[in-house]
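Protein chains in written order, with the working numbering: chain A, 258 to 343; chain B, 279 to 1172.
Since the hints were made in silico from the structure, they are not lab data.
Computed from a predicted model, the values in this text were never measured in an experiment.
Don't take every hint at face value.
Cβ pair distances, simulated, as ranges [unchecked claim]:
(1) 855(B) - 266(A): 46 to 52 Å
(2) 374(B) - 273(A): 24 to 30 Å
(3) 293(A) - 767(B): 15 to 21 Å
(4) 654(B) - 280(A): 50 to 56 Å
(5) 282(B) - 280(A): 54 to 60 Å
(6) 305(B) - 280(A): 36 to 42 Å
(7) 309(A) - 439(B): 45 to 51 Å
(8) 293(A) - 638(B): 43 to 49 Å
Every residue, glycine too, gets a C-beta built ideally from N, C-alpha and C.
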Amino acid sequence: MRRPKRPLFLARAPYRRRRLRDAARLLPVLGAFLLLLPLLWAPESRMSLTSGDVIYFFLVWLALIGLAAAFAPGLRSGEGVDEEED
Amino acid sequence: MPFNLLVLACFLYVAFLFTVAFVVEGRAAKGRLGWLRSPVVYTLSLSIYCTAWTFYGAVGYAARSGLEFLTIYFGPTLVFIGWWWLLRKLVRIGRRHHVTSLADLISSRYGKSNTLGVIVTLIAVVAATPYIALQLQSVVLSFGVFASAAPDGSRPLDPGQIAVWVAVGLAFFTILFGTRNLDAREQHHGIVTAIAVEAVVKLVALLAVGSFVVWGIAGGVADVIARIDAADLAAWQVAPGRWTGIIFLSAAAVICLPRMFQVMVVENEDEGHLARASWAFPLYLMAMSLFIVPIAVVGLERMPAGANPDMFVLTLPLAEGRGGLAMLAFLGGFSSATSMVIVESIALATMISNHVMIPLWLRLRPGAGVADDLRQVVLMARRLAIAAVLALGYGYYRVSGGSAALASIGLIAFLGVAQVLPAMLGGIYWRGATRAGAILGLVTGLAIWAYTSFLPSFGPGAVLPETVFTEGLMSLSWLRPYSLFGTEAMDPIIHALFWSMALNVLAFCLGSLLTFPGPVERLQGAAFVNVFEGAVGPQRWARGRADPEALLAMAQRILGEEVALTLFQAEARAQGKESFLPDPTPGFLDSLEARLSGSVGAATAHAMIGQLVGRATVTVEDLMAVASESAQLLEYSARLEARETELTRTAGALREANEKLMQLSLQKDAFLSQISHELRTPMTSIRAFSEILTEGEVPPESVMRYGRIIHDEAKRLTRLLDDLLDLSVLENGAVQLTVGLASLQGMIDTALTAARATRPDREFQVIRDLPSETIYLKTDADRLTQVFINLISNARKYCDATRPELRIAVRHKAGRVTVDFIDNGKGIAKDSQALIFEKFSRLTDANRAGGAGLGLAICREIMQNLGGSVAYVPGQRGATFRVTVPLRLETLAA
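Isolated chain B, as found in the complex (with noise of 0.2 Å):
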């Protein structure tokens, strides 16, 4: 395989990779995107966390330590098919909050501290460096494989130089894709597209290598299993702690590192990608690692002893004469390598201009000419941070010499971010985790990694002196870093993980529970902890006093003019002006951090907007006042509740009163038609009979006739004139009771033979029960007799049945008497029940029998001032009423 034709076939497969991204930038920027916003391109996206480690370092770490290499799968796979847990809930609050970056979740949720946006920066950056070194390392070793095993002896390039080229191939390429613009949302479809590329590419790569081994070089999988069975692959010996704590490893890194954090959330288009990514990502990392125990094996059979297994993949299939393959094969780890490389270049990028150099540039230029375009620094200084991690890649990868095992690189990076994982979880879980909580745990979890792990990687004598190995730091022996506190037992890795995360996790509890929150802190803490409860109530900014002439300044100087421009013209709008100034209202500010906060981060949008607000943000006491707000809000609307029902039941009894009283009226206007007549039917044949007595020669005969009728007449007039004392003189309660023991048979016995007066023509049978109405009552007999006569008139003169009868029912109970007198006829409708006890009131016509319907009225009256009722009782069979009385009536004067 000629190395020319290598090199060519490299330079075409990233000219096509250019095409890819530049024609995806061209459909985002026209908004066409399509399917390249489907949840595949998302999950091949993820596949960066399959770097040149994985491609070629997994074989060789098979071929060393056995199926430890599937840990590094195993991790992720339990973190992504528990989605449902953790990575929901991160993808929620990098959306709500426009994330841009670990540094930017971890400094936001702390209260937009940049501190630990810095120091979430710096862990980031120093972990990645070795990493990215790596990937740099394998490019070049790959180009050595195919130019040692080139037999035309061409001059093999030198390694360093093909790492400078690599370095600023990709630095260029990232920096085309990754700063052509500073969008509202970190994103950029270019890259991803290109990388869900890269990433089918290594894939099929491994893949085919894979089905070469197995179906080419063996026969097949019966065969593949019984070389691994008759294998010695060296000592593979389950560690637990080495197996458990890899796991727990690769599971932290898959959330921290900050390349999977930017393709995971913050390039994340719909939620609904991460449903597919959780099982399809697994399933990812499943194919890529099926055929890495069979090169492994067929690798350390075929090849001699001292080949390096980190390099099967290529020289399995060189060795075999297959070029096409190896050239295959070379182009998965190169995509590998270069696409974890320019992801974690933009998401270093953006964390160091975000949070280093842009804090910085405002600083020392404070008033930095309110003209200055600060989006054209932001990309400037995005550019910088590319070429200065690519930078620092390349020196790493010169001091280190390109000499150390490519796997144990990769545990210690995983490592150093796995240090954020601690404060992150507490972010969004706890909303009792704090600043300075998160601060502490950060930099001891980067103390203790830097001395157990990082620092001892470069070799004893490197960085920390030999003796420091032997002797421990200060010759404290319990501060050796291989074995704190004498801890001797753990493998390296394993004992670094240990002790950084027991110290790192106990620095943050211990931090977080001993100080106490800022507002802003509070306000956010409660944001991302809460995301899937709807928005937070309270406003980030209390009572703005910004100048919005000013603010419009700023926000061109970040979103550029006519964005700002549009947005300051749509929130006038909303607020009802027809300028482009609208009021710095508290949720204008909100909306406006967030929005700048998508191109600078929020810790520096909320620092900018600070500085035109004047007052830094929220206090403690806004926050209580909000909270208390609310607590009334929902007292006051309890209270109005409570009132509501209060008003609709006056309502209701009002309407009856009201209706009452309509009816009454229309009764009075009745009864005084009828008064009128009562009085006038009398008078007139009282006056017409006088006129003809006075007119004399009237037989004496006809006298006696006309002066009964005279007589009767005027009897009638003074009983109707008596009735209406009565019932004046009862209403007044002026009434003098005679109060004396009396027998309510006695009574009851009178009332029927008085009553039998009225209709004596109708055949009434009346039914008793005697024995219960020996009862004797202290009332007045004689008043108590009027109403029972009454009732009992009233019975014989309205009871229509043909055959009629009443019946006399006498309870007593708890020193009250009823008496019930039930007819048999067809009772008194429902609508006027509630008449019959008014004055004047009758109901039919039909049968008027004298009276001028003041009985019932009356009878009301007297149960009143013998302490007892009458009432109609509905629902029996006839008219029904029930008198009430006391058994003994207790008179005020007794």
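The shape of chain A in the complex, shown without the other chains (with noise of 0.2 Å):
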């Protein structure tokens, strides 16, 4: 079936709710990215644990949780608005 025909370019308050939506979708990725990244740091020889590990994925989660409780009110009080959207 045919989609309706969607304006092609939005006012500023649209404009930011998609971008936010957008941030959204992509945090997950940034996420997998910082939790893989200590995968290229460990050298073969290196076998135990580090405090700076522990301290570094803490902060990486902690970043993560921040950034996701940012973006929450906004997509919450934008839902509804233009859902056909994706």
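Got two chains here, separate frames each, mind docking them using the hints?
Structure below.
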């Protein structure tokens, strides 16, 4: 079935909402990147756990949670508006 | 710590949970849930992801494999912070389609196929059984820790006995609160709230133990960091494959685990809660894992070499003599185990009863007395299923002997349920995914998982003979469970993940690409994939022939008498009927099915209505008809739109014409009185003077004067009649034209001279551009001159400027010559412009200078006959008439 035609350009508020959704979609990608990054640090020789690793992971984790918390209210309030977009 | 005290605490804790669940159920029944429906409760209930495996096992995991335990939490974190991708859609679908379980989702998406429901149920049960066994084992182990630590030498309970009691207790609790009623939406407020309480307990317990370890045993954060660096946390080697693989696996599991699906989708009250949970749940996970590493490091330091690291959370406080803290930790672990078992068994019981037991029961007793209350059957099926699930878990625990390390079982269970992932994701993002593809993928995945991961987990020689491990199935070395197709480089779990997922996806995609979906499948596919685009057009029941009474009877069996009657009555009223029985319209059948599927699952509800409607469902032709109907509708509306604009245009033209007609009619009336007047005035004077003359005795000079007057008046009459005659000849097109070459300048000269007779008293300045007038026209010069005379005379008559002037501008372009007569008067009012060329129109009577208003009408007719036109040009300074003539008049005769 044909989709209703959508406007090509948007006003400022809907534009921001769309970009926020984009950011929310990109967040797990960023997260995956940061959480897989340490794989490239460890040389074969390093066998044991360092406190640096622990701190790195928890900081990344906290940052991701913080970003998700920052996005959530905007996403939630924008829900229901032009949802057919995806 | 006396063992009996522990048992007592345990009982008190369970009693407390019972009370919570009971109170909440009571409030839910009265519809007063209030804050209990808040996002906080939703988020906390999601924490059943953290089972006893997490609570106890994570420390052991960290002690054995370093930071790898974090991957178990990273997967869910990524899924939740990326909720806009998947979870939002999943929850929306779950709510829109009254999904009751994971199996229901898959079966509903693929054409309400019960086969798929059975397969998913099978996978879920097989994967969950060892997991439940694991929880029982953890409880038994933790009891064991206290029992062995008991200094008074009290008789340690038999582990098997403890497991039985725990299993029975859990079954009792679950049956009591999980199968109280058959809700339209499969929600259990009491249980969810109890789970939320347990979530708080386990978090507090773990944080308390962690704080004790960091600040009580070790000397604060800095010291712990130093200890971590100093500790030889065995061989923590980052294995990229395992790291990535387990993150993926845990991400898949958090969506596909039956208990997670239950709390996340089925028990969801409000989609907005998901937004909060998107960061709050990862935060919970982080808090849960914050102290794992310190506990593991300190535990390894402090505890004797042979101590089980899985139990450090308990043994560390005990060893330090902190009985109360150990008790709290024990309750935390107990909470983790019980909440997981409760929700998992509810989720599994829903699947088993909806997809296995009820369909079977309906098949065995097809005509099962209409009076039967199916609700009791369903509830009984649920209860039996819960008991069966727990019995299975207990059985597995007994068989496996409770020896396996906790973590490995957890991962194997994750991998089992992850087999549902391709069918689920494909189902909600890909309309091309078909039932056959889903079945193929699931069966392939299940088989490979069983062969490479589940069955070998019992150990060599237990289920699979030892030779299979070393030489492969049927001595085919490329079929060895841990190195399929010769891939030996991978860790067993990653090996199983790799092959099961790869072949699962392959089979799913190939099957989907090569088969053709049935109509219901296609409908459901569209409804699931496009869930955000509003309702999917076509009805699932094309043309129902169902007997409403039979429908009501069936609905009563599932929903209960009162609910069903209310539903039917409301529908009947909406249809404008007074009785209890509405017409089985497609829309009604649809909503009824949705209502029933909330209780017995989509596949069963669909089959039951299908039986009554007689005709299984919509056909491809129906779908096509709907599609072409909507296309026709679009086309029709486009045509309507076009017709409407056309009508508007026509209406506008008609209105204009009507206005003109009205004015014309008014004018005609005015003219008639005028023409009578025009004719009468000379007639009167002619009659009067001729009477005087006939009376005689008139002086001769008067006779002459009277005679001249009579003559003049007669001339006026003749002129009027001539004009009328002329006009009618011109209008009929019967005019004879004498076409010849003539100079435009000459014609204008003649016209100016002739027109001077009109109001000769006025001084009129004429502005001409003589060079432009040197054009020779092939036309009827006399007629054209007549037009010019008329226009010039009009200007002389009507131009109201004090120093009147007339400009004559000639232009020659593309074979046509235009002559503009522009005066410097006021011009003609806009509303009169349309009328001046009509017969008998005369704008003002003020300057009536003979003529009956026929001049311009005659001009127009002449110009038409000459192949040109005369028009009033608005917007100039004064009145402007434009005469357009062809340079060469082509007569028909010529």
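Evaluated hints:
no.: 1; hint: 855(B) - 266(A): 46 to 52 Å; result: holds (51 Å)
no.: 2; hint: 374(B) - 273(A): 24 to 30 Å; result: holds (28 Å)
no.: 3; hint: 293(A) - 767(B): 15 to 21 Å; result: holds (19 Å)
no.: 4; hint: 654(B) - 280(A): 50 to 56 Å; result: holds (51 Å)
no.: 5; hint: 282(B) - 280(A): 54 to 60 Å; result: holds (56 Å)
no.: 6; hint: 305(B) - 280(A): 36 to 42 Å; result: holds (39 Å)
no.: 7; hint: 309(A) - 439(B): 45 to 51 Å; result: holds (48 Å)
no.: 8; hint: 293(A) - 638(B): 43 to 49 Å; result: holds (47 Å)
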